[in-house]
Each structure stands twice: as C-alpha cells, then as structure tokens.
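Student: These are the residues of each chain, in order.
Protein chains: 2
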Amino acid sequence: MTRVTLLAGGVGGAKMAEGLAALPGVDLTVIGNVADDDEFHGLWVSPDIDTLSYSLAGLIDRRQGWGVADEGHRALEVLARLGQDCWMSLGDRDFGLHIWRTMRRMRGDRPSVIAADAARALGVGPRIVLPTDDRVQTRVRTDAGWLSFQEYFVREKCAPEIRELRLDGIEAARPTPEALAAIAEAEAIVIAPSNPLVSIAPILAVPGIAEGLRQARVPRIAVSPFIAGKVVKGPADRMMAALGLRADAVGVAERYAGLADVLVIDDLDSAHSAAIAARGLHPECRPILMRDQGDKQRLAAEVLEIARMLAAREEVA
Amino acid sequence: MTRVTLLAGGVGGAKMAEGLAALPGVDLTVIGNVADDDEFHGLWVSPDIDTLSYSLAGLIDRRQGWGVADEGHRALEVLARLGQDCWMSLGDRDFGLHIWRTMRRMRGDRPSVIAADAARALGVGPRIVLPTDDRVQTRVRTDAGWLSFQEYFVREKCAPEIRELRLDGIEAARPTPEALAAIAEAEAIVIAPSNPLVSIAPILAVPGIAEGLRQARVPRIAVSPFIAGKVVKGPADRMMAALGLRADAVGVAERYAGLADVLVIDDLDSAHSAAIAARGLHPECRPILMRDQGDKQRLAAEVLEIARMLAAREEVA
Numbered sequence: 001m002t003r004v005t006l007l008a009g010g011v012g013g014a015k016m017a018e019g020l021a022a023l024p025g026v027d028l029t030v031i032g033n034v035a036d037d038d039e040f041h042g043l044w045v046s047p048d049i050d051t052l053s054y055s056l057a058g059l060i061d062r063r064q065g066w067g068v069a070d071e072g073h074r075a076l077e078v079l080a081r082l083g084q085d086c087w088m089s090l091g092d093r094d095f096g097l098h099i100w101r102t103m104r105r106m107r108g109d110r111p112s113v114i115a116a117d118a119a120r121a122l123g124v125g126p127r128i129v130l131p132t133d134d135r136v137q138t139r140v141r142t143d144a145g146w147l148s149f150q151e152y153f154v155r156e157k158c159a160p161e162i163r164e165l166r167l168d169g170i171e172a173a174r175p176t177p178e179a180l181a182a183i184a185e186a187e188a189i190v191i192a193p194s195n196p197l198v199s200i201a202p203i204l205a206v207p208g209i210a211e212g213l214r215q216a217r218v219p220r221i222a223v224s225p226f227i228a229g230k231v232v233k234g235p236a237d238r239m240m241a242a243l244g245l246r247a248d249a250v251g252v253a254e255r256y257a258g259l260a261d262v263l264v265i266d267d268l269d270s271a272h273s274a275a276i277a278a279r280g281l282h283p284e285c286r287p288i289l290m291r292d293q294g295d296k297q298r299l300a301a302e303v304l305e306i307a308r309m310l311a312a313r314e315e316v317a
Numbered sequence: 001m002t003r004v005t006l007l008a009g010g011v012g013g014a015k016m017a018e019g020l021a022a023l024p025g026v027d028l029t030v031i032g033n034v035a036d037d038d039e040f041h042g043l044w045v046s047p048d049i050d051t052l053s054y055s056l057a058g059l060i061d062r063r064q065g066w067g068v069a070d071e072g073h074r075a076l077e078v079l080a081r082l083g084q085d086c087w088m089s090l091g092d093r094d095f096g097l098h099i100w101r102t103m104r105r106m107r108g109d110r111p112s113v114i115a116a117d118a119a120r121a122l123g124v125g126p127r128i129v130l131p132t133d134d135r136v137q138t139r140v141r142t143d144a145g146w147l148s149f150q151e152y153f154v155r156e157k158c159a160p161e162i163r164e165l166r167l168d169g170i171e172a173a174r175p176t177p178e179a180l181a182a183i184a185e186a187e188a189i190v191i192a193p194s195n196p197l198v199s200i201a202p203i204l205a206v207p208g209i210a211e212g213l214r215q216a217r218v219p220r221i222a223v224s225p226f227i228a229g230k231v232v233k234g235p236a237d238r239m240m241a242a243l244g245l246r247a248d249a250v251g252v253a254e255r256y257a258g259l260a261d262v263l264v265i266d267d268l269d270s271a272h273s274a275a276i277a278a279r280g281l282h283p284e285c286r287p288i289l290m291r292d293q294g295d296k297q298r299l300a301a302e303v304l305e306i307a308r309m310l311a312a313r314e315e316v317a
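Protein chains in written order, with the UniProt record's numbering: chain A, 1 to 317; chain B, 1 to 317.
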C-alpha cells in the first residue's frame, strides 16, 4: 500500500480524490478546504468537505457535481416562506448533515472528528482530514465591498471583479495533528487540480502545512486546473488574472514552487513546459480532463506512476 | 367582533381553534401548550404549537392530524444514517421551521415572538400566544423511570403505565404578557377538548394563568374531550385513570371547577349532567365529535352561542 495524501478543494479536488480512492494499492488521506465554510440559518455548512464526502461515498449529484442525488428542497421552501434569504441551495438530505454537524459543534466536538465521523457514516473509505479545527474563512473584496466566499461564488455567481482575497482567522489557526501527520507520513503528496487561490491556498496557509510540504522527502505532485489555458470549472482563471497573477499553468507553477516537484499539465498546455521548468517544477504532460470515473482513475494512475518514477530516481540518487 | 381566547393543546385543541377561527365575528387568540416541546438533533421542536399553526394555516396533514402535508423525510434519513435516534418523525418541511426557530432562539428572541412570527409567515389568522417564554416540560414517570412527554407519547406510544406527572421548570416560569392580556381582555374564554393533564394543565399551571381565569368576569366554557366515556384520540382517559382521577366528563369537571362556568359534554355523556352540576359547572349537551371542518364550525358556533347566552344572563342579573 502506498500512503498518498491529497490536498483537495472544490469539484476538481473531489474528482481527483475519487480517482485515487479507486486505485488498488493506495491508502488515501484527503486534506480538505474549510475556508468556504459558512453559517446558513444558524447551521454550519462545509461545502468543500461535503462535496468530498458525497463524492467519495457515491452520493453526489453527478449532474451538478455537488450536493446529494435524489435531493428535495422542502426545508428550504419553508425557510424562504419564513423570510430567510435562500440563495444558498441546501437540500433536505444536505440539511440532515448540517443539522448533525451543528449539533456536534455545539456540543464541543472537534470539527475534524465530526468530518471524519460523517465520512465514515456515509460510507467513505479514505480518511478526510481538516487542515485546522479553527475558523478560517476566505473573504473576497469586490467593488461592492467584502463578501464571504459563498456570497461571491453562489449568490453573485462570481460576477463581481475581485480586488483582493483575505483569509480571516488564519493567523490564529492551528493545524490539526491529523493534517500534520498526513503530510509527515505520506509516501506521496498530491495537490489536486483545484482552485490554487481559494481551495489550496487556505490549506497551505494554515501554519505548519506548507512547511510540512517543503520538508517532505517524498514525491510531491501537483495537477494543474488549467486545460488549454482555461479552467474546467469555477473562477480560478479570472481570479488569478484579476489579482495580477499569470492565469495559466505557469501561474500555477509559481504558486507551488518549493511545495511540489512536478506539475502535471494537460497535453494542450505543453507549450508552457519550459516556463514551468524555469519555476523549479518538472512539467509532465498528460490528458488531465476528468469527465467520468474512467478519466479520474486514469489520471490518478498517471499521477501515481509519476510518483513511483520520482521515488525510484531518489533511491538511485 | 367577539374577542375569544382559547386554551388549546394537541389535535383536539387545534380542531377547536380551526372551528372558532372560521366563525364570522370572532377575534381569536389561542394560548397553546409548550410543555411537550423538546430538543431533537440540537433543534427546538414545539409539537403542540406547530400543530396549531399548521392546522390554522391549512398546511396540516389531515390524514394523520399532525405534521405538514406533502412532506418528505430526507433529512431524517441522513440523520439516521449518521447514527441519530430518529423515533421522532420530523419531516423536511417541519425541519425548515425547527431550524428557523432554533436560529432565532439562539439569537435570543422570545419564544412567543418566534411563534407569532412563524404563524404570521405561514398564513395563520388568529394570534397564537405562548403561556410562558420559559422552559416548562412535562415529565412522565413510568415503571421504566422518568420520560419526556415525547418519549412517552411518540417513542413508547403511550404503552407504559403512568405513575406520576411532573412539570419541570413550572415554579420559575413567568407568564407572557400576551397570555395574561389574552385572558384579561377576552369576552369569552374557551378551554378546548384537549388532554386536561398534559395539554391544558401546563397552561393553567403557569403562575398567573389560572388566577386570570378565576377572576375573569366573562363566559368561560370548557369542552370535554370525552365522548361516550372515551377520548377521541390520545391517552387522556388512561392517564386520568392511572393517576386515580375519574376518567370521564365528571373528572374533567373536577379539573376545571372554578375555572369554567360551563362544561360542554357529548349527548352520549348526558347521564353525567347531574354529577357535573354538583362540581359547580353547568353541563351543556351537544354533539361534540369533530370529524371535518363542518363539525368544527358547528361545535364552535354552539360554544359561542352558549357564551352569548351566559353573557346575556349576566347582564339580566
């Protein structure tokens, strides 16, 4: 068994997790993103972690990529009737999990333990680990002022131009022992093709996590979220451009310099190979689009193969 | 307009409220029962008040007499999967209300205001008033120990023999100004055909409420929950018998002596008339079974007619 630790957020992160989870010989731990967590109707909602759990449990709504299949919206209908602002689509099954999570948080249970218990109860095989049990939240400054991530992402549908990103609570955040152990004990570390700014950065920003990656003496492989210069889903490209970063695979390489050895990019982005190498990451070109379970497993197998190659090279050296 | 104040709990109470609400010329305030409130999955559930609101809003599931029509149970399915004990059937629409109520309680809003706002938002015409904003809970001693009311009523399906009833928190409970005003300003007071021990007693036990009824100089009319010596629904007859009370309309008269002027009993219980009169209540025999909306309105009209008769008699005297 190869102990693989994946840093993952969003739908791209969940897909990469599904691919790795399906490979024989992989003992997978996923460090998820909690910085898009938010409170709705008094309940604590953890969209990225739930997308991971629902995906790995096979409960995900495959059509939309998030939420649970066979979902209803009766609770939300009543909340709307009671005057609540209901732009965040929360299904009835989803509410079951949010109710339970909030109840356990109120009791003082650690968010990490709650997430792990939920994953187990829903039938998730891999471990799901939180980077921190503290409250860390992405805030987005637009011309209309500061928004929470969900306000920007869901309510405003990513329409406003982004001026600044901030991670509220990051200075005081302490890493979980589970996250530090997952990095220290990994035989390979993978950074999923997630949004580098709002999915991966909030994990890396928790004190101790990026340091753990820097010190790791195992293959560290990042997968680019770009294909032919555009992201498959979400606002990563627009966000990077708006913040003055290169909005392409080279920009991703700049983010992960010192944290990853290899950047897996799409064959269609192979022209960036030299620029990526110049940022200190070894580029590997593969078809990286994940349309179905076959694609996910194929990409995961490629990533693992690259990790094995790297490990063998280390041993030779 | 006649200002009518109804003390009501359970399904019988909700039916009486529906009947009175449908009468022209009635300005109805219902004082509900909060002593079967309980916490489930960290949410505050108020079954009697919700049955009132759902009934008066026309949202009630007519088949079962409680809960909302067109209900789903997806949230509860997930809670069960997460290991929660789910004997209390809570629907998805129902959860919407419980989530909202809990959120507002957490914010420090008065339970009375929350109940009134919920009723208004759901489309309830009459005012719904809580007897107290404090936590008062019926506890039931059985051979298996003390149970909450919902544990006894729902989980144990009223099977265990009752040894004792207790109202936790009643000593410290303060009446709401709304409940005291509803009694002081009523032109007629009606006690619904609810369970005298677990629906009406917890209202009357709040300091100030029974006193208000005793001092009221307006017609006070109670409706018996018994028909032909048995209750239509629920465990009132078995409860009364188990606690050594007379389990019939006479037992009801004993409970309401000094608090009501008239006890409306079913034609089938007319043999009890003399015994009821001996307890200081004037018996009035009517058909009191409420099978449909027609029955509810007919009984409400009879009750109102009796109130007008009483008021006229007072004026003559």
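Just so you know, these hints were derived from the structure itself, not from any lab.
Hints may be right or wrong, so weigh each one.
[What the hints assert, rightly or not] These stretches of chain A come out as covered by chain B in the derived footprint (C-beta under 8 angstroms, 3 or more residues): (1) 79–89; (2) 118–127; (3) 169–178.
[Stated by the list, open to error] Computed Cβ-Cβ distance ranges for the label pairs, DEER-style: (4) A:GLN293 <-> B:ARG163: 52 to 62 angstroms; (5) A:ALA80 <-> B:GLN64: 16 to 26 angstroms; (6) B:ASP85 <-> A:GLY58: 17 to 27 angstroms; (7) B:GLY25 <-> A:ALA80: 33 to 43 angstroms; (8) A:ASP295 <-> B:GLU77: 24 to 34 angstroms; (9) B:ALA277 <-> A:GLY108: 41 to 51 angstroms; (10) A:ALA80 <-> B:ARG105: 46 to 56 angstroms; (11) B:GLY58 <-> A:ASP109: 20 to 30 angstroms; (12) B:GLU77 <-> A:ARG291: 44 to 54 angstroms; (13) A:ASP109 <-> B:GLU161: 51 to 61 angstroms; (14) A:GLY65 <-> B:LEU23: 36 to 46 angstroms.
These numbers come from a predicted model, not from an experiment.
Ideal Cβ placement from N, Cα and C applies to all residues, glycine included.
Student: Are the hints correct? Go through all of them and say.
Tutor: Here's how the hints hold up against the structure:
1. With a cut-off of 8 angstroms between beta carbons, the stretch 79–89 of chain A has 5 residues touching chain B; three or more are needed, and the interface restraint holds.
2. For the stretch 118–127 of chain A, the proposed coverage by chain B is satisfied: 3 residues have a C-beta within less than 8 angstroms of a C-beta in that chain, meeting the threshold of three.
3. Given as covered by chain B, the stretch 169–178 of chain A fails the check, having 0 residues with a CB less than 8 angstroms from a CB of that chain where 3 are the minimum.
4. A hinted range of 52 to 62 angstroms for the beta carbons of A:GLN293 and B:ARG163 is consistent with their spacing of about 60 angstroms.
5. Look at A:ALA80 against B:GLN64: about 25 angstroms separates their beta carbons, and that is inside 16 to 26 angstroms.
6. Checked against the hint of 17 to 27 angstroms, the C-beta distance between B:ASP85 and A:GLY58 comes to roughly 26 angstroms, which is consistent with it.
7. In this structure the hint that B:GLY25 and A:ALA80 lie 33 to 43 angstroms apart at CB holds, the actual value being about 34 angstroms.
8. A beta carbon spacing of about 31 angstroms between A:ASP295 and B:GLU77 agrees with the range 24 to 34 angstroms that was offered as a hint.
9. The hint said 41 to 51 angstroms for the Cβ distance between B:ALA277 and A:GLY108, and at roughly 59 angstroms that hint is violated.
10. Restraint check, A:ALA80 to B:ARG105: a C-beta distance of roughly 20 angstroms breaks the suggested window 46 to 56 angstroms.
11. Checked against the hint of 20 to 30 angstroms, the pair B:GLY58 and A:ASP109 fails, with Cβ atoms roughly 41 angstroms apart.
12. Distance hint for B:GLU77 and A:ARG291: a CB-CB separation of about 30 angstroms, inconsistent with the stated range 44 to 54 angstroms.
13. Separation of A:ASP109 from B:GLU161 is about 38 angstroms and departs from the stated range, judged on CB atoms against 51 to 61 angstroms.
14. Range check, A:GLY65 to B:LEU23: about 54 angstroms between beta-carbon atoms, so the 36 to 46 angstroms window is missed.
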